[in-house]
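Protein chains in written order, with this note's numbering: chain A, 1 to 298; chain B, 1 to 298.
If you're looking for bench data, these hints aren't it; they were derived computationally from the structure.
Being a predicted model, the structure only gives us computed values, none of them experimental.
One or more of the hints may lead you astray.
No copy labels: a pair is met if it fits in one copy or bridges any two.
Claimed, not checked - With a straight-line cut-off of 25 angstroms between C-alpha atoms, the simulated PhoX-like cross-links for lysine-lysine are: (1) K150 to K52; (2) K180 to K158; (3) K15 to K290; (4) K197 to K187; (5) K211 to K184.
Protein chains: 2
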Amino acid sequence: MELIFLGTSSALPTKFRNHASIALKAFGEVILFDCGEGTQRQMANIRLSPMKINHIFISHMHGDHILGLPGLIQSMGFRGRIEPLYIFGPPGINKLENILLNFGCLNMSFKIIIQEVDEGCIIDNAEYIVNCIKCEHNIINYAYSITEKKKPRFLKEKAIKLGVEPGPKFSLLHSGQEIKVNGKIIKPEQVLGPPRKGIKITYSGDTRPCKDLIDFAKESTVLIHESTFEDEDIDKAIENWHSTASEAANIGKKSNADKLILTHISTRYSDTKSIKKSAKKIFNNVIIAKDYMVLEVK
Amino acid sequence: MELIFLGTSSALPTKFRNHASIALKAFGEVILFDCGEGTQRQMANIRLSPMKINHIFISHMHGDHILGLPGLIQSMGFRGRIEPLYIFGPPGINKLENILLNFGCLNMSFKIIIQEVDEGCIIDNAEYIVNCIKCEHNIINYAYSITEKKKPRFLKEKAIKLGVEPGPKFSLLHSGQEIKVNGKIIKPEQVLGPPRKGIKITYSGDTRPCKDLIDFAKESTVLIHESTFEDEDIDKAIENWHSTASEAANIGKKSNADKLILTHISTRYSDTKSIKKSAKKIFNNVIIAKDYMVLEVK
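Please model the entire structure based on the sequences and the hints provided.
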C-alpha cells in the first residue's frame with residue numbers, strides 16, 4: 001500500500017505546501033484523511049483519480065482540513081460517479097450536505113453517506129478496521145487508525161496432503177470457509193498458519209501531545225503526527241493547540257511506532273531542518289512530509 | 001493597471017489551469033472576478049497578497065467560480081485583516097455568510113458586506129464605475145464591466161497664468177474643486193482639458209454568445225470572454241450554455257473591443273492552437289489566457 005501526501009501545510013497554503021490531505025492507496029481503493037482546499041488539484045497534478053476514493057475521514061472542522069470537500073465531490077459528479085461515497089468526521093460534518101445543496105454544486109449522481117463519529121470502531125469490513133479517538137485541539141479533533149486484517153499464511157502443502165486440489169478451494173479455505181473433500185470436512189484452521197499482524201496506520205489530525213493517542217497509536221507501522229511548530233516555538237504550539245517536533249517525536253517513541261511522519265508544518269518555516277533535528281534526537285525513524293511524497297508501506 | 005489570470009480552466013482543474021479567477025491590480029487595490037477553489041494558493045504562488053482585495057465580483061453560483069471564497073476569506077482573517085470586504089454576486093451569494101459561520105471558518109475580525117446584484121450600476125466611486133448585466137447561462141450569470149474615471153489633463157501653464165502657484169492647489173483643481181487665488185475664484189474647467197476616455201474592462205463569466213453583451217462591452221479596452229470550446233464542439237457549447245472560440249471572437253468584434261482575452265478553457269484540449277486560430281480569423285487582437293499571465297492595461 002502507499003501513503004501519498006497531498007497537502008502538508010498548516011492553516012495557510014504556500015507555493016510548496018497545500019492544505020492538509022493524505023491519501024492511502026490500499027485495499028483496491030483510495031482512502032482520504034482530511035481534505036483541505038485544492039486537494040482535487042493536488043490529485044490532478046499527480047494523476048490520482050478522485051473516482052477511486054470511497055472513504056474520507058475528517059479529523060476536525062477547521063477550514064484548512066475540509067474546504068476541499070465540496071469541489072472534490074462536485075468533480076466526482078462531473079465525472080459521472082455512481083458509487084456511494086462515505087465521509088466520516090466530527091459533529092458538524094453533516095453540514096456538508098447543506099453546502100453541497102446550496103453553494104455551487106450541481107445535482108449529484110451518487111449517494112453521499114455522511115457519518116458523525118464518536119470514539120471507537122467506525123468501520124470493520126473484510127479487509128480493514130478503522131478506529132478513532134478524540135485528541136486535544138481547540139475544537140473536537142479525531143485521530144484515526146486503519147488496521148489491515150492480514151490473512152494468516154496458507155499452508156499449501158498441508159492442504160494438498162489433506163487431499164485439497166490447488167484451485168478455488170484454496171481460496172475458500174484461505175478466506176476462512178470450510179470445504180468438503182471426498183466427503184470429509186476440511187476446516188480453515190487445518191491449513192492456515194498463525195495470525196499475522198496487519199499494517200496499522202495512525203493519523204493524529206491537529207492536536208497537543210495527547211496521552212490517549214499513545215495507546216491508540218500503539219505499534220503503528222506508520223504514525224502520521226502533526227508538528228506545526230519547531231521546539232523553540234512551544235509557546236505558540238500551546239497557545240494554538242498544536243505540537244512541536246519533540247512533542248510529536250515523543251508520541252512516536254512512546255507508542256512504539258515503526259515510522260513517524262511529521263506533517264502540518266507552519267508556513268513560518270522556510271525549511272524543516274530544525275524540526276527534523278529535534279525529532280531525530282527522540283525518535284530516529286522520522287520523515288518530514290512534503291507535498292507529493294509517496295511512501296510505500298509494507 | 002494589471003490583469004492577472006489566476007485560473008483559466010473550466011469545470012475541472014488541470015496541472016496547468018486552475019478554476020476561474022482573475023485579479024485586477026488597479027486603483028490601489030486588487031479587484032477579483034470570480035474565485036474558484038485554490039485561488040488563494042494561486043495568489044500565494046505569485047506573491048499577490050489577498051489582503052489587498054477589497055472588491056470581489058462573482059459571475060454565477062457554480063462551484064468552479066465560487067468555492068475559493070471561504071478559504072480566501074478565512075486566510076484574510078488569519079492574517080489579521082480589519083478592512084471590510086465587499087462581495088457582489090447573483091442571488092444566492094449571500095448564502096456564503098452561512099457557510100462561513102458553519103463550515104470551518106473561525107471568527108472573522110473584519111466585516112464582509114455581501115450584495116446580491118441586479119443589472120445596472122453597482123459601484124460608482126471617485127475612481128471607477130462597475131456595471132453588470134445578465135448573460136445567457138444555465139443559471140443566472142452576470143457579466144461585469146469596470147470603467148476608470150480618467151481625470152482630464154491638467155493644463156499647468158494655464159493655471160500658472162491665472163496666478164495659481166504649483167502645489168496643493170493644483171491637486172484641488174485637478175480633482176474638480178474650485179479655489180480662490182487673490183480673491184478671485186478659479187474653476188476647474190478653466191484649467192482642465194477635454195474629458196478623457198478611461199480604461200474599460202469587461203468580463204463575461206460563463207455564457208452563450210449574448211446580444212446584450214455586445215452593447216454592454218462596447219469599446220472595452222479589454223474584453224475577457226469565455227471560450228470553453230473549440231468551434232467543432234459547438235454542440236457541446238450549446239448543450240452546456242458556453243461559447244466557442246468564434247462565437248467569443250464575434251462578441252469581441254461586434255463590441256469593438258481593443259483586445260480580447262479568451263479564458264475558461266475546457267480540460268479536453270491539451271493545447272489552444274485551434275481556439276486561437278478560429279478566433280484570429282474573426283478578431284485579430286486576441287490572446288488565450290494562461291494561469292499566471294499578467295497583462296498590463298493602459
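Hints, verified against the model:
In this assembly of identical chains, K150 and K52 lie within 25 angstroms of each other by CA distance solely inside one copy; the values are 22 angstroms within and 54 angstroms between copies. In this assembly of identical chains, the alpha carbons of K180 and K158 lie at most 25 angstroms apart only when taken from the same copy (15 angstroms versus 111 angstroms across copies). Taking CA atoms no more than 25 angstroms apart as the test, K15 paired with K290 passes in both settings, with 12 angstroms inside one copy and 18 angstroms between copies. Only within a single protomer do K197 and K187 lie at most 25 angstroms apart by alpha-carbon distance; the minimum there is 22 angstroms, versus 90 angstroms between protomers.
For a Cα distance limit of 25 angstroms, the shortest separation of K211 from K184 qualifies neither inside one copy, at 52 angstroms, nor across copies, at 83 angstroms.
Of the hints listed earlier, the one the structure fails to meet is number 5.
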